[in-house]
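Modelling step: build the complete structure from the supplied sequences, incorporating the hints.
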Amino acid sequence: ETGVTQSPTHLIKTRGQQVTLRCSSQSGHNTVSWYQQALGQGPQFIFQYYREEENGRGNFPPRFSGLQFPNYSSELNVNALELDDSALYLCASSFIALRAGGVRETQYFGPGTRLLVL
Amino acid sequence: TQLLEQSPQFLSIQEGENLTVYCNSSSVFSSLQWYRQEPGEGPVLLVTVVTGGEVKKLKRLTFQFGDARKDSSLHITAAQPGDTGLYLCAGGGNNNDMRFGAGTRLTVKP
Chain A
3 ETGVTQSPTH LIKTRGQQVT LRCSSQSGHN TVSWYQQALG QGPQFIFQYY
53 REEENGRGNF PPRFSGLQFP NYSSELNVNA LELDDSALYL CASSFIALRA
103 GGVRETQYFG PGTRLLVL
Chain B
158 TQLLEQSPQF LSIQEGENLT VYCNSSSVFS SLQWYRQEPG EGPVLLVTVV
208 TGGEVKKLKR LTFQFGDARK DSSLHITAAQ PGDTGLYLCA GGGNNNDMRF
258 GAGTRLTVKP
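In order, the protein sequences belong to chains A and B. Going by the working numbering, the first residue of the first sequence is number 3, and it counts up by one from there. Going by the working numbering, the first residue of the second sequence is number 158, and it counts up by one from there.
Hints in this document: simulated from the structure, not taken from any laboratory. Beta carbons are placed, not taken as given, at the ideal position from N, Cα and C, and that holds for glycine. One or more hints might be untrue.
To be verified - Pulled from the structure, derived: some chain A residues nowhere near chain B, Cβ distances all over 10 Å:
| no. | residue |
| --- | --- |
| 1 | Ser9 |
| 2 | Arg24 |
| 3 | Gln28 |
| 4 | Ala82 |
Said to hold, decoys possible - So, partial list: chain B residues that the calculated Cβ filter (under 8 Å) puts toward chain A:
| no. | residue |
| --- | --- |
| 5 | Met255 |
| 6 | Gly258 |
| 7 | Gly260 |
Structure below.
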């Protein structure tokens, strides 16, 4: 148990719809990172939020957006869903002592949300 | 694209056998992490290696970081069915991200 929770556990959407995934970080952590894991692949970094601001972004289009709240929980929003968005979406929480460029921290992953786009 | 190449992609062995899986890159990493992921769960951190040439042991698991900090290996002695899972290596990227390999899917048969 990492203390990181995600909801929902499973979700089915149709192409063109919008989805919001949620993550509650481990107590004491100030950073949340989101990853997409397609079947048979390793996780791919989407973006990271540190103290409610985006702190790095991977190669994902703008229709992938996020929020981090004052309690450090986070949301991942995906607009205009495409079939290829079907994947396991993982969030990972961590504690960063410094902003971008600081010491690399240990990330603790939640169990993921499995999204199926039909 | 993944910067970290893991091999083999799949490995199926009998209980009691030894195995080694590899994580290779053309890039230098300040540290590499190994995770194990079971179906329906997120990756769980096993170890972080930081120093070139470093060897870390976790019970029957031995992790080694290459001298040039571009590669790493995981050796499991006397594998057990409970070792079954997806083994992922990851290194820090330039954008506050962790770059993951595609993983080695290990099956240990009783």
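Do the hints match the structure? See the list:
Distance check on serine 9 of chain A: its Cβ is at least 14 Å (rounded) from any Cβ of chain B, clearing the 10 Å threshold; non-interface status holds. Annotated as non-interface, arginine 24 of chain A keeps its C-beta farther than 10 Å from every C-beta of chain B; the closest such distance is 15 Å. With a minimum CB-CB distance of about 12 Å to chain B, glutamine 28 of chain A clears the 10 Å threshold, and the non-interface call stands. With a least CB separation of 24 Å from chain B, alanine 82 of chain A remains clear of the 10 Å interface cut-off, as annotated.
A distance limit of 8 Å between C-beta atoms decides the matter here; for methionine 255 of chain B the minimum to chain A is near 6 Å, and the interface restraint holds. The closest approach between the C-beta of glycine 258 of chain B and any C-beta of chain A is roughly 5 Å, which is under the 8 Å cut-off, so the hint is satisfied. The restraint placing glycine 260 of chain B at the interface with chain A holds, with a minimum CB-CB distance near 5 Å, inside the 8 Å limit.
The earlier numbered hints are all upheld by this structure, with none contradicted.
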